[in-house]
Amino acid sequence: MLAFAIRRLLLNIPIYLGILLLVMGALRVNDPIHFRLSKNATPEEYQAVKESLGLDKSLLVQYWRFLTTLDLDTESWDTPGITVGEKLGDAVWPSLAITLPALILTSLLSVVIGLVSAFRRGTSIDRGLVFFAVVGMSVSFLVYIVILQYFAAFRLNEWMGKTLFAIQGYDPTQPGWWIKFCMLPVAISTIVAMGYDTRYYRTVMVEETTKDYIRTARSKGLPERTVLFKHMLRNAMVSVVTRIMITLPFLVTGSFLLEVYFNIPGMGKVLISAITAKDFPVIQGFTAVFALLFIATNILTDILYAVVDPRVRLS
Amino acid sequence: MMGAIWKSRGFRKFRKSKLAVGSALVILSYIVLAIAVLCGAISSDDIQSRVGARNVNGFGVQQKPEKRWDDAEFYVAEVNRALTTPGPEAALKEIRYGRIVVADRSVAELQGIVADANARMDRLANEAEDINEQPEFWGQLDELDAVIAKLFRAPTGWDGFVQTMSLSCGTDRQGRSILARGLYSAMIAVAIGIVVAVVSVVIGGLLGAAAAFYGGWVDYVVIWLYSSLSSIPSLVLLGVIVFMFAGSSSENTLLPVYAALCLTFWVGPCRVVRGETLRLKELDYIQAATAIGQSRFMILLKHVVPNVSYLLFINFSLLFVAAVKSEVILTFLGLGVKDGASWGLMISAAKPEVVNAFFWQIGTATALMFVLVLAFNLFTDALQDALDPKHIA
Amino acid sequence: MSRLALLALAGFLTACGGDLQAAGQKTLRIPIPTDGPKNLDPVRGSTMYENQVCSVIFEGLLQYKYLKRPYELEPALLAEMPKVSGDGKTYSFRLKKGVRFQDNACFPEGKGREVVAKDVFYSWKRIANKGNDPKSWWLLDGQIKGFNEYRDEQNKAVENGGKFDYDAAVSGMRLFADDPYRFELILVEPNPTFQYKLAMFQLFVVPREAVEHYGVRFTRNPVGNGPFMLRKQDHWTTAKSIWLYKNPTYRQETYPDEYGDDDKKAGRHKAAGKRLPFLDKIEITFFVESQPMWLEFMSNNLDYTTVPAENFAEPFVRRSRKLRSRWRKRGATGYAVPLLDFIFRGFNMEDELVGGYTKKRAHLRRALQLAMDQREINDAFYNGINTIYDGPIPPGLAGYPPNGKAPDSLRGPSIERARAELAKAGYPGGKGLPKLDFWTGQASQAKEQTEMLQRQMRRIGVELNIHLVDFSTLIEKVHKKQAQMFSFAWGSDYPDPENNLALFYGPNEAPGSNSFNYKRPEYDKMYLRMRAMSSGPEREKLAIKMRDMVLSDVPYMGSMARTRFYVVRPWLLNCKPAEVFAGWWKYLDIDESKR
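Residue numbers (our numbering), protein chains in the order written: chain A, 39 to 353; chain B, 3 to 395; chain C, 23 to 617.
A portion of the hints provided could be inaccurate.
[What the hints assert, rightly or not] Taking CB as the label site, the calculated pair distances span:
(1) B/140 - A/198: 27 to 37 Å
(2) C/375 - A/107: 20 to 30 Å
(3) A/107 - C/235: 47 to 57 Å
(4) B/289 - A/345: 46 to 56 Å
[As the list claims (entries may be wrong)] Quick look at which bits of chain B chain C covers, simulated, 3 or more residues with Cβ under 8 Å:
(5) 82-89
(6) 126-132
(7) 205-218
(8) 224-234
(9) 336-348
By construction, these hints were calculated from the structure, which means they are not laboratory data.
We treat Cβ as the ideally placed atom computed from N, Cα and C, and that holds for glycine.
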């Protein structure tokens, strides 16, 4: 087991090194200093900026620095006076306040719907549920946001005479802040994500229902409910957990569309403004951290798999 | 090979499902539409030229009074400007809103009508303060409309039909036909969907199959490549790609969009094909083929590819949908389509119109996209049911 | 994750709690469109939104009179207006006594000390230090005697590993040992517009202690002497919001007693003579998208808002530009604030195809100008509320033509004339003319606007090749003289035509502000003469002459100025929105009973 874990770890190190190299390279295709300098810089100023940013050093030295610090201690270019690390650290919580509940809600709802759908396979309930899932995912995310912000926040508040869902904002010091600021964004992302998840879980469940152990359980005359919850769901849980695990690192990227429209100071917004403002240290730092998270969850998933299914270890 | 697939058990099953056939027909009609647009049914001129005043409602729904007044003012000003240029006849001929042209009247006659309309509007301007809230003036608007109708020649026959159609979903801020733009965008969407999905599936499929089949360092490189790519957040990846295209000659084409999407999309098919090939490799007949000394490439081509092709089909339709939807987001970010029309452009342009309760543009783009994406989603499901031996409906 | 879950739980549990706002607190809630300021160091600031926030935290020597139109300056930190010597070169200043910096940890015992003359020079010297990444060196470039030399010397010293010496003497900056409030400035040449710069936020006064204490983080820990202060760093979330609190040690400043009839009618005179500021807190929210901003305002969560052009017809009647009766009934008031704007599409006069001063080239540019229909653009994208005018001098300033129409106006659309001009240029019907490269920055609707321009040009047979690029690329292209045609805008820094006429002064060529690379020796001579003149009819005549010269050469097409419309809620008192200057939030008051 330990050998397996170490092997996975070693296998992923070159991947990580490669990503960092890739990002560093891609961001240096167009000279980043041009974005940093004011309008009419002299060659000396250019050189000075280059030195102050450490871009005059050899790529190897830069790479080593990037590897060891992830550039988290460098100053953001777009918003001077704040480091990349602080910027990312501040933005991650608001993002998670949306994405984490959305993931939980989506997973819960879609597992249940998937289960019901699979269990009532072929009936009109099944077809109806699948159809709704598909309809939900056939409209652009942007349209949902624009329309629901108008109707579910503005018009609803107007109609009720008090604020249920805020039109925008994020202030965790206020009482009831989560419902006020996060509920609607969470609902929107759940609607959009549910289509995909429902279909996936339905397929997983349907597949389980054809397995031998279910047939055996049924033939033993166990009540349907026991078959469904005790046997099937437990086995299907592996797929559910895997899918959730894979999604986990993406939670920190937030959703820039939601964050822009609902004015939530999350990671998506930070990233987008970093990209448009060419805030090169932020892009670099974020990518490094994200890759780290991504690979860590990958390894973790692999190990979990190996624990559940010993055959995996052999391959 | 196509014939064999058509006759296969899976496809027979597919053909039996009404939903599947229906969605296939819808997709087909979009493709036909796209081809028609490509052949010039809707030209790039049609999507740029004026067909009327700005933000006209669709389905002939009547405007708010003030907007009617605005529109009247617009038409009168246009004709008036032509009348005041040195050669009014030539200038009048240039006024054209889709199929509507200035009526065959003498300059003096037109001047009279314009003067009449202007007098009416001046009177309104003096009396009405907020015409939307003053129903007593609405009658005057009807009269004004009647005067303005005299300025133009209403098209009849085919021209009339075309004009009605181009106004059927209203006009955008520049007075361009929303329907024409929406339909033209369907072509763009289909183009993006097909190109991105085909390229991603082909690249992903080939790399995946090769990785699994040859194993060793090939496998390692492919895994390294897709692991690296998928651990860079797609937003950053897209930003970097578009950033790299900035300033190049293909900047205003669809190439950056294709490149950005393909780069992130090929990973999916690559993964599943690699997995499936790994499974296939262990099967007896391939082992046997290897044993009798067939070249590895031939085995890959003859035995492996046909057996994973169903995965390619399914992935194709999944990626098609994803590409069409990504275009909207990319365009919102200013990284997507830049020239002509696309659903993304329409939705982005329509954002501020929602608070003004003008839903025509966002509605048309969304509806057209909804039907296509819905059809493709249902089609994918049916395809999966029919082709995936493990997939049970 | 657990911390988050706990927070979320706490949120649920206390969901029924009321507003925690302390009673009697006056809070102003306002929006800033776009993602707001990126830093709050005056020297690094450049955008209008940085200006707005910096202007209530810091103060400069002069400020604009709040209620007075046309605009007029008055002393802020100064005890009286500066005295200018007979030759117009020496300025003598005297500071108010007893003005203190805001209390901050950077001072001994956290108590802000008094503002003295050497703080002014220290603050200005910071703009010479390239290490501060100053955005507005042009303000003082070549203005103060010995200052350019000082800048070169000190920056060279830094390059050689030394330090930037803020104590080194500058011959044009004089302090007096016996009087810490007195100082003098010697200019290189007389310049009557110089005093406008003394009211610009880039030259506002900062305490040396704070800069040295916070280092580069001063950008996020602003310490000034203004009416409001950033109390805690986490009161400012970049791109989301900033909260400012009243500065309890703000200098003795009262509401102006100089007002006009319109102010009296609007009740803006009632507060005259009362101590400023009235508000306890300002909550500013930044909006990247206009939809949430507009919806928040409609829900009464904002005290005033600027009206996004696309929403204009909701509160205003388009024709009369008056607030709709429905809105007036609810007590809202509307304001139209003209901006000193110059939005144009420029030509690179050094370009081989569209540039040059020969007749043929001028005909080509005229043809394009005549084909352009600004009214159509105005109607489609601004609800028709912008002002279209001739020449580079924006409305309201000396040299602006009556009704915006210059005598030899080449304003389009005049398709027939445009075609004739095009033929004279040697391209009848556009034949033989290659596609023209048009560069524009990526902003909302920029793409649609260029599409419309493309369509208008097509009417005379001219094709545009559109380059939609991000803003930094656009600037780079223009500064390298690589953009044949480009879409740009200039907002006047101060209400004087000199500021805009400088855009055509030869030595200002790219990468300077003369993006057109317009070079006419006669023009340059007139400009220099005008710069040294103080305002009067003769100066205006000169400005008109220069304007008409530019107009006939057509180095750009179409001038447009925006008008910013404000809607103000009834409980916001003393509100007279201004765009030329910021810092007027300190005059505002809230009547909480009307909320």
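Honestly, do residue 140 of chain B and residue 198 of chain A meet the 27 to 37 Å range at C-beta?
33 Å, holds
The segment 336-348 of chain B covered by chain C? Criterion: 3 or more residues, Cβ-Cβ distance below 8 Å.
Coverage by chain C holds here, the residue count being 4 at a Cβ distance below 8 Å.
Within 8 Å of chain C (C-beta), three or more residues of the segment 224-234 of chain B
Coverage by chain C is violated here, the residue count being 0 at a Cβ distance below 8 Å.
Against the range 46 to 56 Å, how does the distance between the Cβ atoms of residue 289 of chain B and residue 345 of chain A compare: consistent or not?
31 Å, violated
Is it true that residue 375 of chain C and residue 107 of chain A lie within 20 to 30 Å of each other by Cβ?
50 Å, violated
May I ask you to test the hint 47 to 57 Å on the CB atoms belonging to residue 107 of chain A and residue 235 of chain C?
26 Å, violated
Cβ contact check, 8 Å cutoff: the segment 126-132 of chain B against chain C, three residues minimum
holds (count 3)
Quick one: see if chain C covers the segment 82-89 of chain B, three-plus residues with Cβ-Cβ under 8 Å.
It holds, with 4 qualifying residues against the three required.
Are there at least three residues in the segment 205-218 of chain B whose beta carbon sits under 8 Å from a beta carbon of chain C?
Three-residue rule not met by the segment 205-218 of chain B, so violated; n is 0.
The earlier numbered hints that this structure contradicts are 2, 3, 4, 7, 8.
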